[in-house]
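Novice: Protein chains in written order, with the working numbering: chain A, 21 to 183; chain B, 97 to 369.
These aren't lab readings, by the way, just hints derived from the structure by calculation. Computed from a predicted structure; not experimentally measured. Treat the hints with caution; some may be incorrect.
[To be verified] Computed from the model, here is a short list of chain A residues facing chain B with C-beta under 7 Å: (1) P82; (2) V91; (3) D149.
[Stated by the list, open to error] Estimated spans, in silico, between C-beta atoms of each pair: (4) B/K340 - A/E55: 38 to 44 Å; (5) A/R157 - B/Y100: 27 to 33 Å; (6) A/N179 - B/K121: 52 to 58 Å; (7) B/R267 - A/E162: 43 to 49 Å; (8) B/T298 - A/Q120: 55 to 61 Å; (9) B/G363 - A/K56: 56 to 62 Å; (10) A/G95 - B/E323: 58 to 64 Å; (11) A/R157 - B/G333: 41 to 47 Å; (12) B/P255 - A/R157: 43 to 49 Å; (13) B/S242 - A/C66: 35 to 41 Å; (14) A/T138 - B/L360: 32 to 38 Å.
Every residue, glycine too, gets a C-beta built ideally from N, C-alpha and C.
Below, each chain spelled out in residue letters.
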Amino acid sequence: MIHYSGNVSIQLNVNREIHEVVVMPQDTLLRVLREKIGYTGPKAGCENGDCGACTVLMDGKPVKACLMLAVEAVGKEVLTVEGLEDTEIQKAFISEGGFQCGFCTAGFLMNAFALLETNPDADEAEKKDWLSANLCRCTGYEGIEKALTLAQKNVQEKNSNKR
Amino acid sequence: MIAYNLDYFKPETTQEAYECMKTLKEDKVNALYYSGGTEVITNLRKGAFKADAVIDLKGIGEMSEILVDDEYIVVGANVPLNVMIEHSELQSLKSILNKIADHTVRNALTIGGNICGKLPFREAVLPLLALNSLVKWVDENGINESLLRDVFDKRLKLPPNAFLYQIMIPRKVGGKMMSKRMEAHTEVDYPVLHVVMSVSDTEVFVGLSGFASFPVYQLIPRNEYDEWSDPVGSIAGLFEKDAKSDERASKEYRVHLLKNQIALFTGGAYDSL
Numbered sequence: 021m022i023h024y025s026g027n028v029s030i031q032l033n034v035n036r037e038i039h040e041v042v043v044m045p046q047d048t049l050l051r052v053l054r055e056k057i058g059y060t061g062p063k064a065g066c067e068n069g070d071c072g073a074c075t076v077l078m079d080g081k082p083v084k085a086c087l088m089l090a091v092e093a094v095g096k097e098v099l100t101v102e103g104l105e106d107t108e109i110q111k112a113f114i115s116e117g118g119f120q121c122g123f124c125t126a127g128f129l130m131n132a133f134a135l136l137e138t139n140p141d142a143d144e145a146e147k148k149d150w151l152s153a154n155l156c157r158c159t160g161y162e163g164i165e166k167a168l169t170l171a172q173k174n175v176q177e178k179n180s181n182k183r
Numbered sequence: 097m098i099a100y101n102l103d104y105f106k107p108e109t110t111q112e113a114y115e116c117m118k119t120l121k122e123d124k125v126n127a128l129y130y131s132g133g134t135e136v137i138t139n140l141r142k143g144a145f146k147a148d149a150v151i152d153l154k155g156i157g158e159m160s161e162i163l164v165d166d167e168y169i170v171v172g173a174n175v176p177l178n179v180m181i182e183h184s185e186l187q188s189l190k191s192i193l194n195k196i197a198d199h200t201v202r203n204a205l206t207i208g209g210n211i212c213g214k215l216p217f218r219e220a221v222l223p224l225l226a227l228n229s230l231v232k233w234v235d236e237n238g239i240n241e242s243l244l245r246d247v248f249d250k251r252l253k254l255p256p257n258a259f260l261y262q263i264m265i266p267r268k269v270g271g272k273m274m275s276k277r278m279e280a281h282t283e284v285d286y287p288v289l290h291v292v293m294s295v296s297d298t299e300v301f302v303g304l305s306g307f308a309s310f311p312v313y314q315l316i317p318r319n320e321y322d323e324w325s326d327p328v329g330s331i332a333g334l335f336e337k338d339a340k341s342d343e344r345a346s347k348e349y350r351v352h353l354l355k356n357q358i359a360l361f362t363g364g365a366y367d368s369l
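Using the sequences and the hints, build the whole thing.
Specialist: The structure is reproduced here in structure tokens:
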């Protein structure tokens with residue numbers, strides 16, 4: 021049985037790199053990513069699971085890093101927004117202006133990226149279901165929607181060219 | 097940030113988990129079983145409840161699986177709601193479970209956590225009660241089994257230190273089941289009223305979440321129900337005493353919504369799930 025108490029050294033796989041970090045069992049994944057490893061892309065918004073600004077991917081699935089203990093991520097692959105460089109969703113958010121203040125952007129990017137990886141042909145209902153997990157206090161939803169639409173089109177084209 | 101020290105245990109067997117809890121309790125350590133963590137972490141951070149240790153049940157392999165046999169779909173208590181929603185054998189539950197929390201949270205939120213949590217909604221229990229599911233739980237005698245209806249009254253009533261292990265959902269259920277969920281403002285919110293109603297040859301089930309300070313349900317023998325001249329008023333009458341008023345809605349409004357929905361259900365306005 022695994023037992024962690026006090027300061028413990030764990031290995032976390034974040035953005036395809038292994039990081040050796042000293043954490044305490046009560047440390048959330050969000051705090052460890054930001055304060056111990058230095059990935060400040062995931063944001064501490066509500067820290068209550070409501071806003072989605074802290075969203076990261078855990079083994080390919082979006083999760084809220086504020087609702088997860090860092091020790092739970094041992095043996096998993098964690099991907100933060102820093103790991104999305106040169107992806108279609110990143111390019112589309114830039115070209116369509118999918119952000120205003122930018123605080124929520126990392127969360128939307130992670131969720132939109134995971135959606136297009138999981139189902140590039142997602143319909144409007146599925147897109148709404150996935151992205152309802154993220155809030156934009158600037159209400160910049162139109163740009164986000166346009167960015168997702170463009171990224172989806174580009175991902176679909178890429179996939180059809182591969183076939 | 098959780099502002100005090102916590103010990104983290106991750107057992108690999110049911111016996112290890114139970115013994116771990118028993119030992120911690122004997123040592124006066126305030127310990128919690130832990131699965132998805134979505135409710136526990138928030139409440140520990142806010143100080144809504146205190147724990148010195150959590151016992152993460154996700155190390156117990158069979159509690160994270162869905163198995164299908166001739167009679168039952170056996171769902172481990174650690175299975176996240178999204179895994180259930182995506183499972184081909186559980187499509188009748190999809191439109192109920194996919195209203196709980198949001199898509200991202202549902203990747204972590206487990207069926208066991210939703211049913212056993214401290215939040216008053218526990219919406220996932222409604223269809224499981226309607227379908228007359230069985231539950232398995234672990235206590236000092238090992239793995240026990242009973243009808244969910246026998247151990248659920250407002251909350252899951254398990255012996256001290258016991259934990260939910262699996263849920264067995266019957267594959268062949270006659271009749272039809274309907275549901276409707278209403279929120280005060282946005283879809284991603286706790287319900288003002290979530291009604292699940294099922295009608296079979298032998299019984300009528302009506303279960304509610306968000307209506308009272310805990311999930312409530314009633315079973316009405318079909319022959320008795322068929323004799324009611326005013327089924328809408330009669331069903332609402334069974335629940336009226338439990339209705340609550342809070343910042344989301346008044347008691348009167350909740351009763352009004354309930355009557356409306358029962359009228360729509362009984363009038364055939366909704367398709368069966």
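Novice: For each hint, tell me whether it holds in the structure or not.
Specialist: Hint check results:
Nearest Cβ of chain B to the Cβ of A/P82: about 5 Å, under the 7 Å cut. The hint holds. This hint holds: A/V91 has a C-beta 5 Å from the nearest C-beta of chain B, less than the 7 Å allowed. At a threshold of 7 Å, the smallest CB-CB gap from A/D149 to chain B is about 5 Å, leaving the interface hint in force. The hinted range of 38 to 44 Å is satisfied by B/K340 and A/E55, whose Cβ atoms lie roughly 41 Å apart.
Between A/R157 and B/Y100 the beta carbon distance is about 31 Å. The supplied range of 27 to 33 Å therefore holds. Look at A/N179 against B/K121: about 54 Å separates their beta carbons, and that is inside 52 to 58 Å. For B/R267 and A/E162, the Cβ-Cβ distance of about 45 Å falls inside the hinted range of 43 to 49 Å, so the restraint holds. Between B/T298 and A/Q120 the C-beta distance comes to about 57 Å, which sits within the given range of 55 to 61 Å.
Judged by the Cβ atoms, the range 56 to 62 Å given for B/G363 and A/K56 holds: they are separated by roughly 58 Å. For A/G95 paired with B/E323, a C-beta distance near 59 Å keeps the hint of 58 to 64 Å intact. For the hinted restraint 41 to 47 Å between A/R157 and B/G333, the CB-CB distance of approximately 44 Å keeps it satisfied. Distance hint check for B/P255 and A/R157: the Cβ-Cβ separation is about 46 Å, which falls inside the suggested range of 43 to 49 Å.
With their beta carbons about 39 Å apart, B/S242 and A/C66 fall inside the hinted range of 35 to 41 Å. Checking the proposed 32 to 38 Å range against A/T138 and B/L360 shows it holds: the Cβ atoms sit about 34 Å from each other.
In this structure, none of the earlier numbered hints is contradicted; all agree with it.
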